[in-house]
Amino acid sequence: MEHNELEKKVQRWADEFSAAGDKAARDGIKKTLHQLSFLEQKLYYGYEPSRPPNAGYAQRLAAWLKNLPDEADQRVAMRVAAALFYVGHAELIALHRAAFNGPVRSWLVKINKLSLRDPTIASKIDDAVAQTWFCPITDSMKISEFMHLNNVKNQIDFRPDWRSLQKFGSKSQLNDYINISQIKQIVLLEDFIATGTQSEKAIHFAAQIRPEDPIPVLVVPLILCHKAKKNFDDNHFPKHVTIYPALQLHAEDFISEKHHENSDEFNAILELAERSYAQVSGGIPRGSKPYGPLGFEETGSLVVLNSNAPDNTLPMIHWKSTSWIPLFPRHSRV
Amino acid sequence: MKTRKNPFQELYVTEAFINGAGESFVEGFSPLIVQHAMGLFQPGNVVLKGLPGSGKSMLLNLLRPDTRISYRNAGVDFPVPKEFSSFIGAGINLNLSGADTFGLRPFDKNPEINKFITPLYFGDFVNCWIVHDIFSSIIKFQKTGDKALCHEVGVTAKPDSVDVAARLLAADDCWFGYFGTDLSCCDDLLKGLAKRIMAYRSFAQRNIEEIPAEIQHSKTDIGIPITKAVQHLRDSGVIGAHVQVYVRIDQYEELAWLDEIRSYGAVFQQVIHKLLGLRDSRVSYRVGTRRFAWAPDPTMFGTTARIENERTHKEINLDEILLRHENRRTWTFPKIAADIFRRRLKNSGYQLNGKRVSLLRHVVGRSLAPNGEIKEYVKSDNPADRLIRFDKSWPGDFNEYLRRIAKDDLLSAVLGSAWARQKGKSGIVLERPLPETPPWESKVWWKKERYPIALMQIASRNQQQLRWSGEEELLALSGSNILAFLSLCQHIWDAWLRDMQFESLADDEVPQISRSVQSIGVQEASQEWFHKIGNSEHGDYRRERFIRYLGEIFYRRLIDDVAMSNPGHNGFSIKIYDLESSPSIQKFLNTLEDFGDLMGMKHTSKTKGEKRWKWYLNPILSPYFNIFHVHTKEPIYATSNQVNEWIEQATHSNGSQRNG
Amino acid sequence: MVKTATYRPWGKLREVMENIGPEKFIFLGCVSTEDRCTSALSELSKLGMIDTASLVEIIDVESEYSELALKKREKNINIFENLGFDKDSIKKVNLLEVEEEIFNWIEDCIGKNPKVVLDISSLPKRFFFPAVRILLRSQYVEDLIVVYSIPIRYYSGNLAERPSDWRALPLFGSQEYPDPKYNLAIVGVGFLPFGLPDLLKSGFMEAKPHLFFPFPAAPSTYTKTWEFVRKIESSLSLNGNDQLAHVNALDPSDTFDHISWLTKRGELTALFAPYGPKPMSLGMAIYATITASPVFYTQPRVYHPDYSIGIKIGADGHPIVYGYCLKLNSREVYQL
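Sequence lines, in order, name chains S, W and H. The numbering used here puts the first sequence at residues 1 to 334. The numbering used here puts the second sequence at residues 1 to 660. The numbering used here puts the third sequence at residues 1 to 336.
Honestly, the hints are just simulated from the structure, not real lab data. These figures come from a predicted structure and were not determined experimentally. It is possible that some hints are incorrect.
Reference excerpt, derived from the structure (chain W facing chain H, CB under 7 angstroms, subset only) [stated by the list, open to error]:
(1) Gly98
(2) Asp540
(3) Thr651
Keeping only pairs whose Cα atoms sit at most 35 angstroms apart, straight-line, the calculated DSBU-like set for lysine-lysine is [what the hints assert, rightly or not]:
(4) H:Lys208 with W:Lys143
(5) W:Lys109 with H:Lys24
(6) H:Lys112 with H:Lys71
(7) S:Lys31 with H:Lys208
For each residue, glycine too, the CB sits at the ideal point set by N, CA and C.
One chain only, chain S, in its complex shape:
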């Protein structure tokens, strides 16, 4: 089904709704199609795993809907497509800048006890930045992009990812580097933290790098999901660790496995995700990738990043199998 076919199909649906006296549904389905066409031009064209010569969004949408034989399901699927939270390249840049101008700078002011009344505060913040170690938590965070976009300059030119450091690093070597570089504080950044499972060990490691004289650690997820927030809260990180996301997503932004926690719309999506899972997964049992209808750790995310779809996002969006064509195919590293 090409896009034109899809438009014709949507028109037929609109006719049927109108004939049934349901103007809201008629107008709604057409609006959804127009929104998706518009977002294709503005946002979705940049999806990295599907750059040319791979199929473009319009083709993928048509093929994705065709996965579902029932037209009522196709309509729900269109609403899923419209409900996605797509973080494009421009959005990512904005998150980098928001992370620096908000969480990072205000934290530096606080821990260095700078006075907001001081007219030279800007240069004092720059001094603090010079003694701050900006690092990614995992290798998916493009730390250099963060540094360039925010014009962050300091002499600390090693910026390892702390998940790897936690696995392979030497505390003593790290402490030596910290002393030589006169590092006073550490900022750990990550693009997307859904559950926090990958990050928590790295954060603990950084927090304990120098137990006798703890180095303040700021953790800045560009996007932090509610499950990760809860996880971090439960972790009881020490006082010198601050979690301050650039963008916090809340429970109502996710599909919950519990019906009573969802809106009607999200329940319709949940129901479709559950019912279609066998087809989506190609028969793979739950527990293995793609981890169930709501994705890894049942996050129920609707987030798609320009670089990839996270595995916490509904598999019906990103999973490819013998019986399912995805809308935003995920590239898995392992």
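Mind docking chains W and H on chain S? Use the hints.
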């Protein structure tokens, strides 16, 4: 033309005046409309009434000097006949100038004094603005260096005489000595006027504590400096004696809104009325307004005297002029629309074939006759029973009779099923033998009145929306409104571009757009138009809710009327005396008309001597409600109480369908 | 965009106020139907930083919501009373009041205390724009902090109705004559365009439109914002890369910097249309005050009584309220 674009993407090319973009105006403006508003280009005051999109602003823009110069630069004949084209245009936009913000800050702490002097300052501000604009317009023409143009307009090409006029005006008593005796040239006059205007603006912005004393003591009388300016310009030979001066007053209707903010709106309107009341042959005023924003008995500031249509001014109602009346031959809108259509395509780089009679007709075709239209809905030669709608009580052979008719002519069969339900006609069900030729086939007018409702019911029974296509339907849906027409074209073209995105088609080839694509575009235009009721400037969800409710009433009545007894129930009518005794209902309905949500017209009642007024939805809204737009037979005979009930029910109805 | 080397203090209210305190401030705010209209004053009272409060109760034009709106405002008045503020001192002002009344309310406060907190959370733009201008320009005001509270959610339907005509906000009209040409029309993108494309085209077509897209933003807000852009683009052609900028919805300094960059620090003239989030609008108000630029808006006459619900609570257990420093020790924090 490298990529296909929508020639109608920008709806407002000629509606607004764009400094330096006059080329778009020249290319886009259809001169055919000028002849219908010739009063604008002849001496005498004019109140130009019309809905947004009626062409009001477009016509008033012709009075601007920049527009005149743009025509000249483009080498295109100015669309006003030569004998009427010697004029200078100037004007004021009451909103953009800030004139309508007078009163927001008191000029005097004493409320009584403030109430008295505020309209005087308003009048003074309007005077200064217009005088400045008159002189500026003349200078604009002179600065072109185009002697022929200056001659055509009637302006001297010599700048010196303007200085003379400026000196004479500055010395005139009408300014009460404001300009002093040092003013030597026009530039000084303009600076002095600008300084005065800026003083008012600075006061409004609270940059100064009070109006400077020199202005306080020299407030001018509304209109007097303007006529004096024109007189001195004539006396100094700057403009010829034959040259008219036309002054535009834009956004007059905005003053009607001011009562919500403060009480000066009505008084400021009276000040404007006084300009018309001067009836000074030296200057003619053009006031652009919505129909009901113009008070029925306008009085002049400072007096109880009224201004009157045909005495102090002439009223031109563009909506009325462009609307289709009984005699289709007098309907002027189709030619204007076709011309605008052609211009838009040409300006977008499409290759026009000069031999085509009507480009519009080439692109969208002719609208289908009812029997042709029915094939759009039902392709089968064996139409399903549900399309005909039998009554349970009918004998089987009568049903079979209708089925046989339906095989060749479904529309006739459906009309037959309505005929058989009507009083005085239902006997046919038992008539034996059943007539070879169905009796309704000989009732030409009976059928014609019922084609629209029959098609609507067939479409609905076949799970389809009404289809819209062809030149005639597009023009009818436009309601003789240029903006509506352009909006329909915009959406149809958009739908066509989407349909064609994977096709190869020469970029400059004029397309022929299929009916199904046109229909999609029309429905989308209608939806946008409906949502504008609540969402646009001065939008109001109370109006939107009422129109939605009304549309639903019409739809239900027409769909459920299987006997087709009331095929005209896509409108309603009220007795005039009933309306006049319900001022709030009258005001509400006037507002709906003024914003183009409803179209109102005289109704010749079936009861002799009864005076009624009837309303229909703006035709462009009909696709949204899936009802036909044609006016046929009698509308719903309603009362003001009934309308009031509708208003209340609309208010309490579920507004969940509203989309922001 | 070139980063500036400035820092304009802002952040969580408690952190900001504890840093610049301990001081006592005069609080300007409003009683509205929104729950969040009480949170900033409540927080500041707990910090002991309130000298006096001057509150206006803003009353919409009569509508079918009037009864419910009154009940909600009364509920909030009771909350203010429980915080120790005299409810009889609350000034009733109509939403479409004569501008002089708005200015009088603001100016009455100047002279009472040179340290001012202005709560824009529920203040309509018609009020908070002139307030920002008057307070910024007042020599008497030494400290000026603008605060903004975050609700739990916004109403899912239409937030406001019956937009009036497109006109300059009070004190933000054009002061020059003849009217200058504007190089840029900078539009803060929000939820309801209210005929914006038509307005831009009919009044200021030479001004090149630039849309400020508020981001980071929650998914529900994000979707609505794209819908706003789609509606504008249906009649106004925009070059996506050039004319759409993502600007931090919570940081007026980011808005200010973007404007400075676009206008080449004031070399190019701009008019503003603040349809976006209030902190973004605040950035526009500050810039427009400094440069005497016009700001246009179609002021709604009626706001939905459930415009926003609740007060969002942060990880620290306190309401999420942001404070923005505009003046500290008579120093203007925002400069071109």
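*Hints not upheld, ascending by number*: Violated hints: none at all, because every hint is consistent with the structure.
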